[in-house]
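> Line by line, the protein sequences give chains W and H.
Each residue of the first sequence is one higher than the last, beginning at 1 in full-length UniProt numbering.
Each residue of the second sequence is one higher than the last, beginning at 1 in full-length UniProt numbering.
These aren't lab readings, by the way, just hints derived from the structure by calculation.
We put the CB at the ideal spot given by N, CA and C, even for glycine.
Hints may be right or wrong, so weigh each one.
To be verified - Residues from chain H that face chain W, not an exhaustive set, calculated with beta carbons under 10 Å:
# : residue
1 : Arg49
2 : Arg77
3 : Asn78
4 : Met81
5 : Gln84
6 : Leu160
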Amino acid sequence: MRYFAYPAIVYLIIFFYLPFFIVVLYSFGFPNFDLKYYFDVMKPIYFKVLLDSVILASITTVLCFLIAYPVAYYIALRAKRWKNFLLVLIILPFWISLLLRTYAIMSILSPLGLMFTFAAVVIGMVYDYLPFMVLPIYASLEKIKRAQIEASFTLGASPWRTFIKITFPQSMPGVVAGVILVFIPALGEFVVPSMLGGTYTTIGTITWDLFLRYHDWWRGSAISIIYMTIIFAALAVYMKKAGRIEI
Amino acid sequence: MVEFAVELEGVSKRYGNFDAVRNVNLSIRKGEFFSLLGPSGSGKTTILRLIAGLIFPDEGRIKLTGKDCTFVPPYKRNIGMVFQDLALFPHLNVFENVAYGLRIRKLPESEIRKRVYECLEIVNLDPETFAKRRINQLSGGQQQRVAIARALAIEPAVLLLDEPLGSLDLKLRQHMMAELKRIQKNVKTTFVYVTHDQTEALVMSDRLAVINRGRVEQVGSPIEVYERPRTRFVAEFIGEMNFIEADVCEDRLISDIGEIRAKVEGFKKVVLGIRPEKVKIGSKAENVFRGKIEEMLYLGGLVKLNVNVNGVRIKCLTSYNGFKEGEEVEIGWNSEEAIILEA
Chain W
1 MRYFAYPAIV YLIIFFYLPF FIVVLYSFGF PNFDLKYYFD VMKPIYFKVL
51 LDSVILASIT TVLCFLIAYP VAYYIALRAK RWKNFLLVLI ILPFWISLLL
101 RTYAIMSILS PLGLMFTFAA VVIGMVYDYL PFMVLPIYAS LEKIKRAQIE
151 ASFTLGASPW RTFIKITFPQ SMPGVVAGVI LVFIPALGEF VVPSMLGGTY
201 TTIGTITWDL FLRYHDWWRG SAISIIYMTI IFAALAVYMK KAGRIEI
Chain H
1 MVEFAVELEG VSKRYGNFDA VRNVNLSIRK GEFFSLLGPS GSGKTTILRL
51 IAGLIFPDEG RIKLTGKDCT FVPPYKRNIG MVFQDLALFP HLNVFENVAY
101 GLRIRKLPES EIRKRVYECL EIVNLDPETF AKRRINQLSG GQQQRVAIAR
151 ALAIEPAVLL LDEPLGSLDL KLRQHMMAEL KRIQKNVKTT FVYVTHDQTE
201 ALVMSDRLAV INRGRVEQVG SPIEVYERPR TRFVAEFIGE MNFIEADVCE
251 DRLISDIGEI RAKVEGFKKV VLGIRPEKVK IGSKAENVFR GKIEEMLYLG
301 GLVKLNVNVN GVRIKCLTSY NGFKEGEEVE IGWNSEEAII LEA
């Protein structure tokens, strides 16, 4: 049976591990060996960009959570026979490419005079990543048996307390998954910020510029490795904390 | 004066065109073990949910310990409920499950602990061993006990049980039946128990109501309901029964199997019901008929006979006495053992 895993492994090696290895090589000055590219990108501006990206990704994640939770709750626990229809509506945007959807957003935002603002970037990001928050939260809420909520009522808990003590804790795995699914891609996103934000710089746009505008593969690789290490470390801490949530 | 824990007055509940509960009147006494017995879809669970306040009636009134609670939400009624699939909280351990209702009531920690331990002991779970266990580490029977302890912890005026034994295997079910009865005697709380299993209802109940198509067919003690069923449905649903259709003719009944002596007033046509175990083999009875043993099922000690009397098949349950299939026998019963039902 393990042979079934081979195509995936081969695919990952060719399209992920190998390119990643090449990026590592370039960051050390391929075809030579030199650490200067790392020193070159150790500038405050690059960390400012990282901070800006974290802020943007955090705002996106929080807004996605605030909007997605009630939607997921409604679909999972209240929608009954409309459930599948509403789920399709959530998934529907995936059928259109991100690029086209971002163009569509542009045509809505520009008459409102919102183009090339921070708000435009946030609106676009939330719109693009919302389903990634809705679906895992929906999946975890959907598993909660209606009888558990009724049991809580009979034990004297009001609907609000029942939500706080029974429903929400059991949806935490979905929330954790949703946060990861939104935060990480949002952090590296460059299409939305560059199209809707104009000169708004994120770690996505800055690496894009280094690689494809300035053809500086060495510095581009070095900054990618640094960003990746920082994000990976932060994520490891978060996952460890989230993993401790009892479920 | 008898005090009632639960009173339903003319309660009805409709779902669309479907009358789930129709004009139900019930008075459940304080401290009794009361069962709602009926086939699936008869409305017994709906009645229980109405008492719990999980749904509200379209018509009628519901009183709990004398107070009108018809439209009071469940979290403001003092009721406990054990759900069919138990509905334990999987993210909380055994202690926290049982403590849940007490924490909502904001009792001091020491009192919560005391009460949780008490309740675990009532349901025969050793608190030291089980308090910290997770729900998925428990067997089916243990989960059952936790669900009962959780509902009892809040000292409810009424404990509602919705087919709690349905998911257990036969042996465990028999054991839990005895346990439930013991617990009920111990805590003296009013139990309202929903089941489609006549054995459960007969064994545990002080009184029971037989529910059919949203209506109460009969209320009484297990003995009354079994020995003196008031409708054909009750007679058929609980235990086995031979039914013989007959015309009333003065002090006798004329039926396919012959003349039957019985006292009937006010009807022209009746159905006579006789339990298989009341049918006697041999001629020592008021009504005696000749028949042929068509089929015999030896149950070990007892034997089940199908006796053909004039084309009517009469089931008999008796102790084995050398019967053979094809043998001619005399069967009979005394008239007071027969039940006369409206045709």
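> Holds or violated: asparagine 78 of chain H as interface residue toward chain W, Cβ cutoff 10 Å?
With a minimum Cβ separation of about 8 Å from chain W (threshold 10 Å), the hint on asparagine 78 of chain H holds.
> The hint names arginine 77 of chain H as touching chain W; please verify it with the least Cβ-Cβ distance against 10 Å.
holds (8 Å)
> Taking the least C-beta to C-beta distance, is arginine 49 of chain H closer than 10 Å to chain W?
Hint on arginine 49 of chain H: holds, closest Cβ of chain W at ~8 Å, below 10 Å.
> Per the CB criterion, is methionine 81 of chain H less than 10 Å away from chain W?
This interface hint holds because 4 Å falls under the 10 Å limit.
> Under 10 Å is the threshold here; is the Cβ of glutamine 84 of chain H close enough to any Cβ of chain W for the hint to stand?
Nearest chain W Cβ about 7 Å off; hint holds.
> Minimum Cβ distance from leucine 160 of chain H to chain W below 10 Å?
Interface hint status for leucine 160 of chain H: holds (8 Å vs cutoff 10 Å).
This entry satisfies every hint, going by the numbered hints stated previously.
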